[in-house]
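Each chain, written out:
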Amino acid sequence: MRKVLLPLMIGVLLALSTPVFAEIEIGGSFTPAEYLLQMNSEAQKLEDFLGVASSEDFDMIFGFHIGYSWWWLFYAAWDSLVMPPWWIYTSTSAGGETGIYRPGFLNLIDVGVRPTIGPVYVLATAGLNHMYIYKQDDLAIAGGELNLGVNLRLGAGLIFDWWSLVVSGTAVFGKFDDMATVIEGVADQNPKAIRYLINNLIPSVVFSLHL
Amino acid sequence: MKKSLVVVVSLIAAFTLFTGCDAILEEFYPEFKGENAFGDKEIKVEVELSLEFSAGSKNIVIAVVPIVQDDQGNPKIDFEGIWIQSRWDPEAFFIQSFSPIKEGAYRVFVFYDVNDDGQPGWDEPSTEGSYIPAGRLEEKFLVDLRDTSETTISVQAYLSSRDRMDVKFLEAFAPDTQAADYSVRLEGPDAINKNAPPAFQYFINRNDPDNTEAITEVKWGLEKLDRSAISVTDATASPTPGAQLEFFVNFGSASPALSTITDNAIYVWTEVKYGNGEMWFTELRVNLTTADYGFAIQGPETLDKNAPHKVSYFVVPNDPNMTITEIWWEIYTPHYDPVDFSITSPNTITAPTLDPFDNKYKWMIDIDFASFNPAPLTNYPYDEMFIEVEVEYGDANSTIWFEGRRIQFASEATVDTYNLDIDIMDLNYAPVGLTTGDLANATYLVEIWSGDWMTMRNSKTGKLGTGFGVIAEFGGLTYYGAGSATGNDQAWVEIDVDGDGWGDWYAMRPLVLTAGQDFLRIELRSFDFNPY
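So the protein sequences, as listed, match chains H and U. Residue numbers for the first sequence follow my numbering, beginning at 1 and rising by one. Residue numbers for the second sequence follow my numbering, beginning at 1 and rising by one.
So that you can see chain U by itself, here it is in the shape it has in the complex:
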């Protein structure tokens, strides 16, 4: 009995040992069962290294991370399915293949493991005072093998000195982890008219509102698709940590000129460094087009916090032939917290408003700064606000466009002073029912603008205190800054008769001020009446 058992067991052993027993393995790992268990696919990661990585002994790590769905359908990492491979002292260009690989979605990571600890991130060498970059993450590295019938999928990775990756990015796929998300997003126009490059502002915003770690360093730049740098002479040097992170770029000052770039896009990139050493790199691909999707926010840039009043901002496309279909706007503090006003236009505006002044439909954003909550506006702890506007065009090819404007609060104490007369004229054309008493109780708003409607130099509000045919004279209207107004400057006048906070009469008059002049006169006529 025992001898026969030995023979049987020995035969089974020999068979299993030398031929294997796939059926047993399939019972333990059913996901490998079936004809296409492995798929017949291969991911080839083509890695190109910049000079500083291809010289000397460097450990470059390539990881292919499968992304699966949990029970709730949220993406998460398949920890058991991760493929990782290291290349020590690699060539400047090499290909790392992963195969055979199963159907599914994968993220591919390439990073320089500075201290050979297997972790991407920021490794601080003991002999140098600066950080050394470690890796990068790009959306294009998201490979979904289910989307293609190709058996070999190539992924190009370029690792350069400014590439950054933070290990925290992975936590976005691990719902159980509670660590802060240090990622930021870059918001701004994602298309530029290459033949008439405009100036744009880009905003760097945190993705995680709970991430309150101080940002201590911010860099940004432009690159062509081949990763060569594009320089600009007219731009913000670097955003200021602690404030709303934004930078201004005049693409017209780019070198090489955008019009000479044959690629259909460029990159705008930024990287931020937090006080705790965490880093984040992100970039925005900006298409180069011949259509101009840009727009301007016209409205006051400077307001008196002590005399808040209603202000209208106008959203105007750079190209008058472009048709806006919707705008969204918001006012933020320097720390990107929304500012609360009781009286404003809706944040989403889907139709333009008829401007009675010139009888044209305009995309107007009305904000009553006097309705700041909690009032008064002097409670507002900063000396600036930011209005951010997104614009959607009717063009099916367009995307959302962003533009921002800083609103500064300043004091009138140190600026030039003029007196202003408002002359209520043409009484015979006054609206029916409007009485002298009405005007006597009316409030006025006067704003002095530079001619391009981009800068409001000063504003003043008060009670008119008089009626028809009387010159309403008051002093104290001021200019900010030295010098006189030019012929391009204009005065905008609103008279609120019914006390609803919105102007019933509008007027805009050009201003020409000369040295020594101590008053302005604006004639307000009946046809300036706003029937709405």
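The shape of chain H in the complex, shown without the other chains:
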């Protein structure tokens, strides 16, 4: 036990005390809103209901991105996506309660690994998500609660001297139990679970500047 713990503690100390091995990245992410619309069951219903395609009415969803990598392997990131009102509305609709038609931020905070091999790297992270709704303080339903969900992210990209480009997919879950159930289902190749995972995936392209 001690053989494992000691190197781990040394490693953590090194990680925190040696910023020379760490790197900060700041950038922006771009998510096709049309994909979210297609995968959103309520929004999909709308389009079916209307009987017409409305893809031209939607474009990219922008997100702020901040990442921190250290020790070649570890990686933490915060992404704040500017979600359109319809997404917030459908996300807040549940159990017969009407949703909230306002824009908002979907904050994704992930920690994981991001090994780099030459200019190529891959990433796999897990973390928490939190939705902020525009002028949330006005809303009775918010009540100051901090509702956290969980998310999983996989991605791959190219890193150059001072910038990088990453393509990633983030599966967003309202709570941990949902994620556990879905992951278990996906492992069992349950088609419903796979579909749920796909439906709740947020695909993004992230462009970052490395400081």
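It should be emphasised that the hints constitute simulated quantities derived from the structure, not laboratory data. Beta carbons are placed, not taken as given, at the ideal position from N, Cα and C, and that holds for glycine. Treat the hints with care, as some may be off.
Computed beta-carbon distance windows for the label pairs [said to hold, decoys possible]: (1) H/160 <-> U/30: 29 to 39 Å; (2) H/184 <-> U/226: 48 to 58 Å; (3) U/219 <-> H/169: 47 to 57 Å; (4) U/44 <-> H/148: 51 to 61 Å.
Short derived list, chain U residues pointing at chain H, Cβ under 7 Å [claimed, not checked]: (5) 25; (6) 28; (7) 190.
With a straight-line Cα cutoff of 16 Å, these simulated EDC-like cross-link-like pairs (lysine to aspartate or glutamate) come out [unchecked claim]: (8) H/135 <-> U/27; (9) U/310 <-> U/278; (10) U/273 <-> U/213; (11) H/135 <-> U/22; (12) U/273 <-> U/383; (13) U/224 <-> U/181; (14) U/305 <-> U/383; (15) U/33 <-> U/22; (16) H/135 <-> U/26.
Chain U: place on chain H using the hints.
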């Protein structure tokens, strides 16, 4: 440097994460910027379900669809602003609220999503042979929040088994779509004298002339405002698909009687089903009044296609105290295509014509059936036409009223035959300049009418071929149908002397025919002369 940057970024992150950054959101969505970005308004949709929807698991969908204007000012749907909410297994009555909602115009839809596919319309269950209704659309569901200072607007929706809605209705707001419009409109009187309920005809007409899909099923009915049914014993069972869609309702046979209904209106509804499965439901709110805005179209109902001639139709208000200010008329085929005549009155008549026969001003519609284009009338491929008349009264409270009449073409081959004599009398009073030769070249028109002026039993035209003082005798005047004329029947005679197609002499004489009688005699006198 990097440490300080980390601190700054972390502080910004924490601030944004836990307090949000509304300014950034406002930059992306400026329509939410400002004090009244959301408005403080709320739409409450009060949904009442009939039994078949409130029993068992049913998915009722409520949608609030914002209507905005495009660059050309045409209404269109704001796709990104649609609110939709589902109620699974709802109570018989529930309220669905949508708030906070912005200023604007919205359409509210409530429909039963039969197969849970999110689409209104007609879902055919596999276990049943009939369609199940899915939704309804009503004009009153158009909510314009700009028209009111109220913060809560309630919309009542009642979903019953006969409610229909077709998804195509939305395409009226989407100019880019080219699909056919299957909507129909219900035309007919929109007010009834409840104390003397008349019989009316209602017409079902397509809104889209390009919609040529065959209608295979038509239903109609009457309802009180509380949606309870009103039955009628004297009415058309159902219009015939393929012909001009109309139905006749004798409101006097209504149960409950209209005079006992305390509401100020009732509904006349209809629904049509097309061959391709599309459906449409529409209804007309008919006010119950104590004034009678009804009118009659008096004129021939039956004509001989082989002997077309000029016919006058009279528009007569049921209430003689009502003053007509304008009439509009048109003749249609059974498929609602206009019929082309070369010689008719103007389609819009804004002043009555002095009828020389009784020296009274009348709202007359003259149609020369011989001027059918392309002539002759035997080219006309159907055995009936329809005259439709709209009447506007001087009463500021009145609306347009509709009435229709079928004109049938029949053969003379199978009907009773009488001979007719026209006796030109009172030569001393003949108009100056009229000569025997004039009369010899004159043409005659004789019509035999039932006494109420509603039915023309027969007509005949020809050349008089004689002059003053001579009894013009000709045979072959016929009655349609069996039996004899009664004392209420009348003969209408026109003599066209100058050959302009319109009668210069008019006469109307009562007819009394008895069994075995083989001729009629009509004395035509000089004071029947038409100075116009």
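Hint check:
Distance hint check for residue 160 of chain H and residue 30 of chain U: the Cβ-Cβ separation is about 36 Å, which falls inside the suggested range of 29 to 39 Å. Between residue 184 of chain H and residue 226 of chain U the CB atoms are about 54 Å apart, so this pair conforms to the stated range of 48 to 58 Å. Taken as a hint, the range 47 to 57 Å holds for the pair residue 219 of chain U and residue 169 of chain H, whose Cβ atoms sit roughly 53 Å apart. Take residue 44 of chain U and residue 148 of chain H: their Cβ atoms lie about 33 Å apart, and the range 51 to 61 Å is violated.
Interface hint at residue 25 of chain U: satisfied, since its Cβ lies 5 Å from the closest Cβ of chain H, which is below the 7 Å cut-off. The beta carbon of residue 28 of chain U is positioned within 7 Å of a beta carbon in chain H (closest approach about 5 Å), and the interface hint is therefore held. At a threshold of 7 Å, the smallest CB-CB gap from residue 190 of chain U to chain H is about 32 Å, leaving the interface hint violated. Under the criterion of a C-alpha separation no larger than 16 Å, the hint pairing residue 135 of chain H with residue 27 of chain U is consistent with the structure, at around 14 Å.
Among the hinted pairs, residue 310 of chain U with residue 278 of chain U is inconsistent with the structure: their alpha-carbon atoms are about 42 Å apart, more than 16 Å. The suggested pairing of residue 273 of chain U with residue 213 of chain U holds, with an alpha-carbon distance near 10 Å, which does not exceed 16 Å. Annotation: proposed proximity of residue 135 of chain H to residue 22 of chain U holds, straight-line Cα distance about 6 Å (limit 16 Å). Between residue 273 of chain U and residue 383 of chain U the CA atoms are separated by roughly 26 Å; this puts the pair beyond 16 Å, and the hint is violated.
Between residue 224 of chain U and residue 181 of chain U the alpha-carbon distance is near 29 Å, which puts this suggested pair outside the 16 Å criterion. A hinted pair counts as satisfied when its Cα atoms are at most 16 Å apart, and residue 305 of chain U with residue 383 of chain U qualifies at roughly 8 Å. Restraint check: the Cα-Cα separation between residue 33 of chain U and residue 22 of chain U comes to about 9 Å, which is no more than 16 Å; the hinted pair holds. For the given pair, residue 135 of chain H sits about 10 Å from residue 26 of chain U by alpha-carbon distance, which is consistent with the 16 Å threshold.
When held up to the earlier numbered hints, the structure conflicts with 4, 7, 9, 12 and 13 and fits the remainder.
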